[in-house]
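S.K.: Letter by letter, the chains look like this.
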Amino acid sequence: MRTWRQIGLAALAVTTLSGPLQAADIVIGIRSEPSSIDPYFHNLGPNNAMLGHIFDRLNDWTPKMDKMFGRAASSWKAINDTTWEFKLKKGIKFHDGSDLTADDVLFSYDRAANYTGGNSSFRTYTKGKTLKKIDDYTIHIMTEKPYPLMPNDTTTVMIMSSEAKGTGGKNKGISAKDFNNGTAAIGSGPYKFVEWKKGDRIVLEKFDGYKGPVAQPWDKITFKFIKSEPARVAALMAGDVDAIDNVPTSDVERLKKNPKISLSSGVSNRVIYLHMDQFRDSSPFVTTKDGKPMNKNPLKNPKVRKALSMMINRKAIVERVMEGIAIPAGQLLPEGFFGRSGKMQAEKFDPKGAKKLLKEAGWGDGFGLTIHGPNDRYINDAKICEAIGQMLSAQGIPTKVVTMPKNVFFKRASKGAEGGLPEFSFVLVGWGSGTGEPSSPLKSLLATHDKSKGMGASNRGRHSDPRVNKVLNEALATVDDSKRGALLAKATEIAIGENTGIIPLHYQVNTWATRKGLKFDPRADERTTGYDYTPVK
Amino acid sequence: MTTAENNMESEEKGYEGVQTPLRRFLSDFCEAKLAVVGFFTILAIALVAIMAPFIAPTDPYDLATVSVLDSRLAPGEAMMNGTTAHLGTDGAGRDMVSAMIYGLRISLGVGIGSGLIAMLIGISFGLLSAYAGGKIDSIFMRIVDIQLSFPAILVALVLLVTLGKGVDKTIIALVVVQWAYYARTIRGTALVERRREYIESAVCLGLSKNRIMFRHLLPNCLAPMIVVGTMQIAHAISLEATLSFLGLGMPQTEPSLGRLISNGFEYILSGKYWISVYPGIALLVTIVSINLVGDRLRDVLNPRLQK
Numbered sequence: 000m001r002t003w004r005q006i007g008l009a010a011l012a013v014t015t016l017s018g019p020l021q022a023a024d025i026v027i028g029i030r031s032e033p034s035s036i037d038p039y040f041h042n043l044g045p046n047n048a049m050l051g052h053i054f055d056r057l058n059d060w061t062p063k064m065d066k067m068f069g070r071a072a073s074s075w076k077a078i079n080d081t082t083w084e085f086k087l088k089k090g091i092k093f094h095d096g097s098d099l100t101a102d103d104v105l106f107s108y109d110r111a112a113n114y115t116g117g118n119s120s121f122r123t124y125t126k127g128k129t130l131k132k133i134d135d136y137t138i139h140i141m142t143e144k145p146y147p148l149m150p151n152d153t154t155t156v157m158i159m160s161s162e163a164k165g166t167g168g169k170n171k172g173i174s175a176k177d178f179n180n181g182t183a184a185i186g187s188g189p190y191k192f193v194e195w196k197k198g199d200r201i202v203l204e205k206f207d208g209y210k211g212p213v214a215q216p217w218d219k220i221t222f223k224f225i226k227s228e229p230a231r232v233a234a235l236m237a238g239d240v241d242a243i244d245n246v247p248t249s250d251v252e253r254l255k256k257n258p259k260i261s262l263s264s265g266v267s268n269r270v271i272y273l274h275m276d277q278f279r280d281s282s283p284f285v286t287t288k289d290g291k292p293m294n295k296n297p298l299k300n301p302k303v304r305k306a307l308s309m310m311i312n313r314k315a316i317v318e319r320v321m322e323g324i325a326i327p328a329g330q331l332l333p334e335g336f337f338g339r340s341g342k343m344q345a346e347k348f349d350p351k352g353a354k355k356l357l358k359e360a361g362w363g364d365g366f367g368l369t370i371h372g373p374n375d376r377y378i379n380d381a382k383i384c385e386a387i388g389q390m391l392s393a394q395g396i397p398t399k400v401v402t403m404p405k406n407v408f409f410k411r412a413s414k415g416a417e418g419g420l421p422e423f424s425f426v427l428v429g430w431g432s433g434t435g436e437p438s439s440p441l442k443s444l445l446a447t448h449d450k451s452k453g454m455g456a457s458n459r460g461r462h463s464d465p466r467v468n469k470v471l472n473e474a475l476a477t478v479d480d481s482k483r484g485a486l487l488a489k490a491t492e493i494a495i496g497e498n499t500g501i502i503p504l505h506y507q508v509n510t511w512a513t514r515k516g517l518k519f520d521p522r523a524d525e526r527t528t529g530y531d532y533t534p535v536k
Numbered sequence: 000m001t002t003a004e005n006n007m008e009s010e011e012k013g014y015e016g017v018q019t020p021l022r023r024f025l026s027d028f029c030e031a032k033l034a035v036v037g038f039f040t041i042l043a044i045a046l047v048a049i050m051a052p053f054i055a056p057t058d059p060y061d062l063a064t065v066s067v068l069d070s071r072l073a074p075g076e077a078m079m080n081g082t083t084a085h086l087g088t089d090g091a092g093r094d095m096v097s098a099m100i101y102g103l104r105i106s107l108g109v110g111i112g113s114g115l116i117a118m119l120i121g122i123s124f125g126l127l128s129a130y131a132g133g134k135i136d137s138i139f140m141r142i143v144d145i146q147l148s149f150p151a152i153l154v155a156l157v158l159l160v161t162l163g164k165g166v167d168k169t170i171i172a173l174v175v176v177q178w179a180y181y182a183r184t185i186r187g188t189a190l191v192e193r194r195r196e197y198i199e200s201a202v203c204l205g206l207s208k209n210r211i212m213f214r215h216l217l218p219n220c221l222a223p224m225i226v227v228g229t230m231q232i233a234h235a236i237s238l239e240a241t242l243s244f245l246g247l248g249m250p251q252t253e254p255s256l257g258r259l260i261s262n263g264f265e266y267i268l269s270g271k272y273w274i275s276v277y278p279g280i281a282l283l284v285t286i287v288s289i290n291l292v293g294d295r296l297r298d299v300l301n302p303r304l305q306k
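Residue numbers (numbering that gives the first Met the number 0), protein chains in the order written: chain D, 0 to 536; chain X, 0 to 306.
One chain only, chain D, in its complex shape:
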C-alpha cells in the first residue's frame, strides 16, 4: 500500500510540477497551412501571418490596425514630394548572428519585385518604387509621383538576410525549396524556424537575440494544421491544442457556454463581395433562363448589377448563414477604417425595386447565371454561394451554384479563360485590405485592369470607369490625409454606389478560441500570430 501511495504522490508531483515548466510553450491549431516559407512566394494571409514570426518588415500593424509601428524601421518621413526616408534600427540581428542593414532591405525588395514562379506576388507594393542606400541604416524610397501611402506599403514586404547561411554568399539562386527545408529561412523576427512537417505542423522557437517591439511570450510555438472545422474545435476541447483560429460560426454559441474555453472575436479588414463580368459581350456563365448561351451580357448594365445587389438579403445571410457573426457591407472596409464613405450603407433587400430596375434595363424576364466560389477560403463561403443562388433564383434569375477548392478556384477565376482572362461570370471572393484603407481594394478590384501600371490586378469582372481611375489616382498622390480620405470615399461612391462595380456582401468577423488562462487580441488583418497570445491569471 505504501509503495502505491508513494507512486501516486510522485506522479502527482510530476504532473503539478511539469505544468508550469511547460507553460512557456503553446500549441495553436490553425485552419490554413502556409504555402511556403519563402517570404515572396505567395502574398497570402496564412503565409503573411506565419512568416511575420520569422521575418521583420519595415513597419507592422497593431492588432486593431489602428496604429503602425516600426519593426525594422526606427523612423520614417517624406523628405520631398517623391522621396521617403526610412531609418533602420541599429543592432537588429538575423538568426544567424549577422546584422540587418540597408543592403538586406534593398536585396529583399529587389527579390520581391523580381520574384518568378510564385503564386501571387508583392509587386503591387514594389511597383514604381526605387530604393537607394544612403548609409548602412538609411534608405530612400523614390516614387514617380507623390505617394503618401509609402509607410503603409512597407507593412507588407518582409526582410530576409542577403547572405542567409547555407545558401552560398549573395543568394540570388535560392528557391522556395531552400526556405521550406529551413536552410534559407533566416530572418530577424522574434521567432526562429525549427521545422515544417507538411500537412502537420510548423514549429518555431524564441530567438534570444531579438530586441524589437514584438513580444516573445513563448519559448516554443507549434502551429498544427487542422483543416476540418469540427476536428479543430474538438482538438481544443480535448486539450490537444491550447488555441484555435477560425472558430466555425456554428460552434460559437456552444463554446461561449463552456467554462474551460474563452473566445475573442473582431471585425476584420476583409469584405466578402461579388465580381460581375463586365468585359465580355457573351459571358460563358450568363445564359438565357433555360441555360442556353447568349450573345448579350446583362451584367454590363449598371441597373442590372444594382438590381442583383438589391435581390440579396444580406441580413438573412448574416443571421442564418453566418449565425450573426458578420456585418452587412455597403463598401470596402468596415466602420472605423480610414477613407470610408460616410454616405454608403449596405444595400437594402428590395425584391420589388429590383424587379422594377430589371424591367427598366430591358431584362424584366430575367436570365440565367452561375455563381462560382471557393469552398475552403472564407468563413462559410460555399454556404453563402448557395444562399445567393437561392435568393436570385427566387427572384427570377435561375442561378446555379458551383464551388471548388481555393487552389483550383483562384487560378480559374483570375486567368482560366483563353488569353489569361477570368473564366467565370459571377464570382464570390473576399479582399482584406493589408494597408488598412480602401486604396488597395480600389486599385486591385475596381480600377481599370492594366498590368503595366499594376492596376486592377484582381479585377476579375474587369469593371472599368475612367472617373474612378481619375479620382483614385488623384487620391494616391494626395499627401494631406483628410483630403485623401475624402477622395478615396468619392472613388468608392462612384465605383460601388453609382456603378455597382462589385456587390459587397459583408465584412468578416473572425473568432479565436483559447483554453482558459490564455488571451488573444483579435486581429483586424485576420492573422493568427503566436506572439499575440498572452497568458492571463
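These are calculated hints, taken from the structure and not from any lab test.
Don't be surprised by glycine CBs; every beta carbon is placed ideally from N, CA and C.
Heads up, a few of these hints could be off.
What the hints assert, rightly or not - Taking lysine to any residue pairs in the SDA-like style, the calculated list, with each CA pair at most 20 Å apart, reads:
#1 D:K226 - D:S35
#2 D:K410 - X:T161
#3 D:K259 - X:V157
#4 X:K164 - D:N406
#5 D:K399 - X:K164
#6 D:K226 - X:A48
#7 D:K259 - X:L268
#8 D:K399 - X:G246
#9 D:K405 - X:T161
#10 D:K256 - X:L268
#11 D:K405 - X:V157
#12 D:K255 - X:L268
To be verified - Far from chain D, some chain X residues (derived; all Cβ distances over 10 Å):
#13 L46
#14 P56
#15 L62
#16 S66
#17 G92
#18 L119
#19 F139
#20 V157
#21 E265
Dock chain X against the given chain D, drawing on the hints supplied.
M.R.: Just chain X now, kept in the frame of chain D:
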C-alpha cells in the same frame, strides 16, 4: 425443361417433379425471415425513391423554393411556406424529409446504375478471358490485378477530382472502380464451366463462339454474378456516400445522402443532430437490407450449401 442443358442440370442435382427451380429458389430464400424483411425494405425504399417527386413535400433541389431563412429548423417546426419539416431542415434550409427522399434516389440510382454497367463490362471481359484463354486471358487478368491493387476509394477520388461533379461522372468513377470484381468472379466460374461436357458438346456441334459464350456459358455462370452484383451495389452506394461526404461526387445544391451527412457533421457538436443522423440511418438501413438479401442469395445459390 426442354433444352439439353436444363435436363442435364436437373438430373445432376437429382430434382424431379412439380417443383420448378424458381419455386424452389423462392421457398429457400424465404426460409430466412431477415432476408425477406430486407427484401421488402429495399422494395419500399426503391418505390419511395422512384416516386420522389410525388411523395416529397418540397423539391429540395429547386433553389428558387429553398430559402436560407428556413435553415436549421428543429424537427417538427414549420417552414416559411407552411409545410412542417418533420425531420427538421439542413443548413441551407432544405426540408430533411424531402432531401433524404431525393438523396436516396441519387444513392440508389448511382449504386444500381454503376453496378449494372460495371457488371456488363465485367461479364464481357471475364467471359472472353475465360473462353479465349492464353494471351488474351493473361492480358485481361493482369489489367484486373493492377486495378484491384489500388484501393477503390483512392481511384474514385482521383477520377472525380479530374472529371468534376455530377451524377454521370460519379457513375463513371464507380464503374471504373467496380468492373474488375465482376470480371474476376465470372472468369473463375466460367473456367470451371468451360470444362463441362455441355460446352464440349456445343463446340463439337460447331456452334459459333459467341453463341457458346453468351447462350451456353453465361447462363450457367449467372448465379455468382447475382450474388456479387447485390453486394457490389451495396458497396457502390456506400462508396458514393463516402465520396459525397468528402465533398466530391454530387454538386452542393443537389446533396445525396453522404453530402447531407457531411453538411450536418458541422452542426452535430452544437446539438443539431438531425441533419446528420437521419440521412445516416437511411443509408444504414438501405445498405444493411441489400446485404441481408445478398447474403441469403449467396446461401441459396451456392450448390455446395444445398441439402
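S.K.: Does each hint hold? Answer for all of them.
M.R.: Okay, the hints, checked on the actual structure:
no.	hint	result
1	D:K226 - D:S35	holds (17 Å)
2	D:K410 - X:T161	holds (15 Å)
3	D:K259 - X:V157	violated (42 Å)
4	X:K164 - D:N406	holds (17 Å)
5	D:K399 - X:K164	holds (13 Å)
6	D:K226 - X:A48	violated (35 Å)
7	D:K259 - X:L268	holds (16 Å)
8	D:K399 - X:G246	holds (17 Å)
9	D:K405 - X:T161	holds (15 Å)
10	D:K256 - X:L268	holds (13 Å)
11	D:K405 - X:V157	holds (17 Å)
12	D:K255 - X:L268	holds (13 Å)
13	L46	holds (30 Å)
14	P56	holds (17 Å)
15	L62	violated (4 Å)
16	S66	violated (6 Å)
17	G92	violated (7 Å)
18	L119	holds (32 Å)
19	F139	holds (36 Å)
20	V157	holds (15 Å)
21	E265	violated (6 Å)
Violated hints for the displayed structure, listed by number in ascending order: 3, 6, 15, 16, 17 and 21.
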